[in-house]
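K.L.:
Using the sequences plus the hints, can you model the full thing?
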Amino acid sequence: MKQKSAPAAPAAQGTGPRRTWDAQSLALVAVFAALIAVSAVIPGVPVGSFGVPITLQTLAIVLTGLVLGAARAAAAMGLYLALAFAGLPIFSGGRAGLQILASGSAGYIIGFLVGAFAIGLLAELVIRRTSPRRRGLWFFLAATAVLVVVIHGLGVVGMVVNLKLAWQAAFLADLAYYPGDLLKNAVAAVAAVAVHRAFPDVLMRRVKAPEAAAA
Amino acid sequence: MRARISPGLLAGYVPGHSWLHRAPLWTKFAGVLAAGAASFMLLDWRASALAVAAVVAAWLSAGLGVRRLVAPWRLIAPLLGVLFAFQWWQQGPAASGRIVLNLLLCFLAAALLTATVPLRELLDAVAGAARPFRRFGADPERFALAIAIMLRSIPVLAGSFAEVGDAARARGLERSVRARTIPVVLSAVAYARRTGDALAARGLGDADD
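Protein chains in written order, with the working numbering: chain A, 303 to 517; chain B, 6 to 214.
Treat the hints loosely; a few may be bogus.
Okay, the calculated bits of chain A under chain B, using three or more residues with CB under 8 Å as the criterion [stated by the list, open to error]:
| no. | region |
| --- | --- |
| 1 | 323–335 |
| 2 | 453–467 |
| 3 | 498–505 |
Some but not every residue of chain A turned toward chain B, in silico, with C-beta under 7 Å [said to hold, decoys possible]:
| no. | residue |
| --- | --- |
| 4 | Leu400 |
| 5 | Ala404 |
| 6 | Val489 |
Simulated coverage check for chain B against chain A, where a stretch passes if three residues somewhere in it have a Cβ under 8 Å from a Cβ of chain A [what the hints assert, rightly or not]:
| no. | region |
| --- | --- |
| 7 | 33–45 |
| 8 | 85–95 |
| 9 | 109–119 |
| 10 | 127–133 |
| 11 | 183–194 |
| 12 | 197–204 |
Bear in mind the hints are in silico, worked out from the structure with no lab data behind them. Ideal Cβ placement from N, Cα and C applies to all residues, glycine included.
P.N.:
Given below as structure tokens:
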């Protein structure tokens, strides 16, 4: 069981080059933390002819990375985790508290934090390097790579450590989430493109500004 | 959907004046950490059972009642049952009992913390946890502000999800993840920007220097 006493405290600091965030970034971090919380708690959307409900939490987390970029996405996820650990019932299924770190979900919870940061890092790279027309596809690929390696990887580790499952059993238990997660990544990529088109100053100008200044 | 969130918000805390309620927060937090560590160190199911019994005794001595102790288990019991059966098959009854009891121990210890500390106090403690990081550039006031904005945004976004869901249903798109999320996300970003503008207009949220 991995314990983290104050997960959001380091995440709430400045972003490195920019020492502290402006009011816009603070509001974006807080609102996206709320978006993650709400999407974990509301009932899932029934999908396909069988109507299997899929929860929207991973969608919100992937989206947070794609929209906010690495540092602010990690801060939003850290803020969400800090309040959930403190007892706000905003983990999926209305759960709360440090109990979650003892359960089979612990690996996913930690994976979400690392994953949001990694997706944000890749999203900044995609915005800097690719043409706007291909951006949706690259967003999808970046999110999927992180999802498979980081979130599902740590999720499996969490089940092995906490539930003392064998690796094969944990892997099989994890496999059930893949189809829904791929669908959610596709939606998140489309949504992120829409957000960046509607609000270019949320991330695009931030990422591109240093280059424009250098040119 | 709003109703799903609000009633549970303070459900964890049980008002009281027992020794556990009066114990300082850090001792209880240390207890939760100890329970987490114990789940790796207790290798005999009898030791685990003893530890669980001790936590249950603490729970009852704090006057938190049997009903509150049992109520959350209706959700988790089936899962623990499946795990118990699976591990019995894989590793035998003794190991299976130890694994399930150690999980129980962690759950109970953490539940004890949230049952004896009011949520407001816990949130204050979380905001205060940023204080030691001040020298690295963390700002507890801004952290507290972010917490406040987040708490205020939750009902707004829940309402937005409900509205967009109704709209999608009216168009026959209730099964489309796309139709039910993208408008929410766009309105969330717009809401965040309005909030950011409002903060900036009041001189809040920007760094002091």
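K.L.:
Against this structure, judge whether each hint is valid.
P.N.:
The hints, checked one at a time:
1. 323–335: holds (count 13)
2. 453–467: The restraint on the region 453–467 of chain A holds, since 4 of its residues have a Cβ under 8 Å from chain B and three suffice.
3. 498–505: Holds, because 3 residues of the region 498–505 of chain A bring their Cβ atoms closer than 8 Å to Cβ atoms of chain B.
4. Leu400: holds, 4 Å
5. Ala404: holds, 3 Å
6. Val489: holds, 5 Å
7. 33–45: With 7 residues in contact (Cβ-Cβ under 8 Å with chain A), the coverage given for the region 33–45 of chain B holds.
8. 85–95: holds (count 4)
9. 109–119: Satisfied; 6 residues make the cut.
10. 127–133: holds (count 4)
11. 183–194: Contact hint for the region 183–194 of chain B vs chain A: holds, 9 residues under 8 Å.
12. 197–204: holds (count 6)
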